[in-house]
Structure formats: C-alpha cells, structure tokens
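S.K.: Here is how the chains run, residue by residue.
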Amino acid sequence: MNWLERIGSKTTKFIEEIGRICLLFLQALKWSLRPPLGFRNILKQMEEIGVRSVPVVLITAVSTGMVLALQSHTGFKRFNAESLVGTVVALSLTRELGPVLTGLIVAGRAGAAMAAELGTMRVTEQIDALSTMATNPIKYLIVPRLLAGMLMLPILTIFSDAIGIAGGYFVAVKVLDVNPVVYMRRTTDFLEFDDIFGGLLKALVFGIIIATVSCYKGFNTEGGAEGVGKATTGAVVLSSMLILISDYFLTAMLF
Amino acid sequence: MGEPMIQLIDVYKSFGDNPVLRGATLTIERGETMVIIGGSGTGKSVILKHIIGLMKPDRGKVVVSGKDLATLKERALDELRKKFGMLFQGAALFDSLSVWENVGFSLRQQTHLSDREIKQLAVEKLAGVGLRGVEDRMPADLSGGMKKRVGLARALAMEPEILLYDEPTTGLDPIMADAINELIVEMKRRLKVTGVAITHDMTSAYKIADRIAMLYQGKILQVGTPDAIKNSGNPIVHQFVTGSSVGPIKTV
Numbered sequence: 001m002n003w004l005e006r007i008g009s010k011t012t013k014f015i016e017e018i019g020r021i022c023l024l025f026l027q028a029l030k031w032s033l034r035p036p037l038g039f040r041n042i043l044k045q046m047e048e049i050g051v052r053s054v055p056v057v058l059i060t061a062v063s064t065g066m067v068l069a070l071q072s073h074t075g076f077k078r079f080n081a082e083s084l085v086g087t088v089v090a091l092s093l094t095r096e097l098g099p100v101l102t103g104l105i106v107a108g109r110a111g112a113a114m115a116a117e118l119g120t121m122r123v124t125e126q127i128d129a130l131s132t133m134a135t136n137p138i139k140y141l142i143v144p145r146l147l148a149g150m151l152m153l154p155i156l157t158i159f160s161d162a163i164g165i166a167g168g169y170f171v172a173v174k175v176l177d178v179n180p181v182v183y184m185r186r187t188t189d190f191l192e193f194d195d196i197f198g199g200l201l202k203a204l205v206f207g208i209i210i211a212t213v214s215c216y217k218g219f220n221t222e223g224g225a226e227g228v229g230k231a232t233t234g235a236v237v238l239s240s241m242l243i244l245i246s247d248y249f250l251t252a253m254l255f
Numbered sequence: 001m002g003e004p005m006i007q008l009i010d011v012y013k014s015f016g017d018n019p020v021l022r023g024a025t026l027t028i029e030r031g032e033t034m035v036i037i038g039g040s041g042t043g044k045s046v047i048l049k050h051i052i053g054l055m056k057p058d059r060g061k062v063v064v065s066g067k068d069l070a071t072l073k074e075r076a077l078d079e080l081r082k083k084f085g086m087l088f089q090g091a092a093l094f095d096s097l098s099v100w101e102n103v104g105f106s107l108r109q110q111t112h113l114s115d116r117e118i119k120q121l122a123v124e125k126l127a128g129v130g131l132r133g134v135e136d137r138m139p140a141d142l143s144g145g146m147k148k149r150v151g152l153a154r155a156l157a158m159e160p161e162i163l164l165y166d167e168p169t170t171g172l173d174p175i176m177a178d179a180i181n182e183l184i185v186e187m188k189r190r191l192k193v194t195g196v197a198i199t200h201d202m203t204s205a206y207k208i209a210d211r212i213a214m215l216y217q218g219k220i221l222q223v224g225t226p227d228a229i230k231n232s233g234n235p236i237v238h239q240f241v242t243g244s245s246v247g248p249i250k251t252v
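If you read the protein sequences in the order shown, they are chains A and B. Residues in the first sequence are numbered consecutively from 1, following the numbering used here. Residues in the second sequence are numbered consecutively from 1, following the numbering used here.
Check each hint, because a few of them may be wrong.
As the list claims (entries may be wrong) - Computed list of chain B residues with no C-beta within reach of chain A, every gap over 10 Å: (1) Lys61; (2) Glu79; (3) Glu161; (4) Lys250.
As the list claims (entries may be wrong) - Not the full set, but computed from the structure, chain A residues with beta-carbon under 10 Å of chain B: (5) Glu117; (6) Gln126; (7) Ile127; (8) Asp128; (9) Leu130; (10) Thr135; (11) Tyr140.
To be clear, the hints were calculated from the coordinates, so they are not data collected in a lab. Computed from a predicted structure; not experimentally measured. Don't be surprised by glycine CBs; every beta carbon is placed ideally from N, CA and C.
Produce the entire structure from the sequences given, and follow the hints as far as they go.
M.R.: Structural data, given as structure tokens:
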C-alpha cells in the first residue's frame, strides 16, 4: 500500500498548498483595502510585470495568429471555406489563446522573477526586517504585485489579441490571397463583445494566480540559494498548471 | 530599576520534532545590554525573534515593557515594534533600495516627511555610525562591515528604545568587529538604549555586555556579569567561554 499512501500524502500536500495560497490571496485582498496603497511600488511592479513583458507577449501573439491562419486555411480549403479563417483566428485568440498564452508567458517571466526576488528577500532576512520595522510584508510586497498582475494581464491580453489578429490577417491576405474585405467582415461579423470580455476576465484570474502563487512560493522559501531555485521553479510550474486547469473551468462557466 | 524591559518566562518552542527552546527564562532590565551566548543552532536567533514577535512561543510568555506579546493584535504589535531596532546578521538591507532609502525606510513608511528631509536625516544617521558619502550607493556595492553599519543606522533611524543585534560581529575581520563593538557600546552610552545581542564571539560579548546569559539545550543555564561568566564554576559555561572542544558540550 506504500505507493497508494505516497499518492495520498502528495495529494493532501497539494490541496493544503492550494488552501494556503487562497488564504494568502484573501489576506492580500484585505490589506489592499487599507490605505495608503503605495503607488510608487504598484507602478514599479506594473512596469516589471506588464511593460517588460510586452515584447515577448507580442512576438508570441503574432506568430500564433500567423500559424493559426496558416493551419486553418489548409483545413478550410478542403471544403472551400477559406473565408472563415478570419473568424477562427479572431475567436481562438480572444477567447482562448490570447489570455492563456499571455498568462503562461508572464508566469514564466514575471512570476519566476517575483518568486526569486521574494525568495532571496526571505533567505537574507529582508522580509523579517520589514516586520521588525512595523511594515507588514504582505502589504508592502504582495499587494503591489497582486494589483499590478490583475491590471496588467488584461492589458497585455488586449495587445496580444490585437496583434494576433493582425498577424492572421497578414498571412491570410498577403500570403494566402484571401480577399481582405471578406476576411475583415468574417472577423467582425462573428466576433462578439462577450468573446473579448470573457477572455479579459480569464486574464484577470490568471494575473491573480501568477502573483499569488509566485509571492507564496517566494515567501515560503527555505534554505539558501538552492531554496530560491526551487521556489522559482515551483512558482512557474504551479502557476502554469493552475492557469491551464482554471482555464477549462472558466471556459465552461463564462461561455 | 523599575519594571524590566523584556521578560521571557518559561518559553517553549519546537520546529517539527525538534525542540529548540525548553523553558527559557530571562529578564532584561531597562538600559542594560544583555548578551546571549551559546553554540550554533542552540536557538539564540529564535530567542531574538521571540522578543520582537516574529515568532510566537508554543508555551510560556514574552513580555516587552509590560505587554504580553501573545495578547497583542497585529496593529498593537506593530506599534510596539516601533520601539525596536534590529541589526540582522547579514544586515538584511533591502537590495532594491539605495543606502539612504534603506536608512530612511521607516521614516518613509511611518512619517509624512518629504524625500529630501528623509535623505537629510539618513545622512545624519549614517554619519553617526561613521559612514560618509555612501548614501547614494546600492547595498550590493558595500563591504560586509559597511553593510552592518548601514544596518545599524537603519535600526537607529526611528530612535528605538531597544536594539537587537543578531551576531553583530560574525563574518567581519577582527578590526572591523571591534569597530562594531565600539559602536554598540557608544549607542548604549549615548542613547541609553536597552540592548540584546546574540553572539558566540566571546571577545565581543565581554566588550559590549553588562550581563551575559548562556543558552544551553533550550534553557538559560547561567546569567551573570562578564566577570562572573568568565570565572564560572559551571563546567558547560567554562568550556564554552574558553572555547575548548573537550568537556561536557558535545561537538558532534
């Protein structure tokens, strides 16, 4: 029964961890309602999470849009429905790929950096130092990251949607010779506000997941440089996993 | 003497199955410097973290200026913490902030002074620990001894009543260590603060302490003046202060 026990204890540990992450989120939410908010720190995190992620998010989005156009064109051509490429690109990007890919990339980039920074602060006692100076570490460190994540993920997703659709348009119209007017009409006719809004709501949730998980991992770092490495990897793996899992449920609920 | 500044009363603390404090009792009077000595991993840091409320005892009480820390709510605890300054072992400077921002951190968080005024005050505090012209540098550009001085300046920024020193001389060369010891003595003389230091550096302990307490197996074994500790009849204390590997304290 040994392996069964092992699976059991692993599962319990995982659920416990998720529980603690939720508690941390609630605490951060509580602290975010108490002024002052420290705009300097929020702006700094918005730059870190948002602005610095723009290039990599855009490159991912444009190539995804282009590949989507290429692939769906091949498929639709078999039953003479090439004009639907625009619809497929727009719907897939706004509802699914825009928020999810942005989430995964930010988790890898900003989430890892967050966990590493906070983890280093933990092992060098900087977080303890904050407490001793009567400054709550959750308020000072986690709240700005959480708010920045909640704000920047939807914004990055808007960029990602737009540039992805532009990439699809470019490939369909310029490379595959789809009629531009038809392409645009197929895009706009079938794209509803709810598609975009649902995608942005997903992005907001992903922003919460990335910030909370990465801060949690950083705050609970133990044991020097190796611990910081583990926390960083853990943050990326866990937030990516949670993004993918929650994506299914969000899709089921939202659309 | 009046009421003691800090009291640990029968404090127990375990981490998992590992009991670290097993009934530690210690009284620290207002205005004195107490040095807690003991081997590595015997829980000296844990005592310091209990005094400032970073850890809560499993059993027993920690009382600071008449208040039982366990009964304090978050806000009251933060209020009490404003009486404290703490110098961390590795200085624990915030490495995303410059030296003056580190020193002025509490001022920025807890007062409405302008940046210019804060910087001015930070420069004064830095001068007080013998540092000039470093206020715009980043912590990563400082030597170990300078970091400790900046850490001390930061601890002093809010004019605390109690200063906690976590191994103030560890990792410094003997001359720099002595300079830090001098500073600690001077702080006590000039600012009349209550000090609690933990160390295993006996030279430092003798120099800065009014009284020394020896922590062994989770309890305070002996408390006394530096002379009393130096000439202790207790074989464990004697072995520790003379730094001998032969005696009742096991090295493995």
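S.K.: So, for every hint listed, does it hold in this structure?
M.R.: Consistency of the hints with the structure:
1. Lys61: Nearest chain A Cβ is 20 Å from Lys61 of chain B, so the label holds.
2. Glu79: Since the minimum Cβ distance to chain A is about 7 Å, Glu79 of chain B lies within 10 Å and the statement is violated.
3. Glu161: holds, 14 Å
4. Lys250: holds, 25 Å
5. Glu117: With Cβ-Cβ at 8 Å, under 10 Å, it holds.
6. Gln126: Hint on Gln126 of chain A: holds, closest Cβ of chain B at ~5 Å, below 10 Å.
7. Ile127: holds, 9 Å
8. Asp128: holds, 6 Å
9. Leu130: holds, 8 Å
10. Thr135: holds, 5 Å
11. Tyr140: This hint holds: Tyr140 of chain A lies near chain B, its Cβ roughly 8 Å from the closest one there, short of 10 Å.
Comparing the model with each earlier hint shows a violation of hint 2 alone; every other hint is respected.
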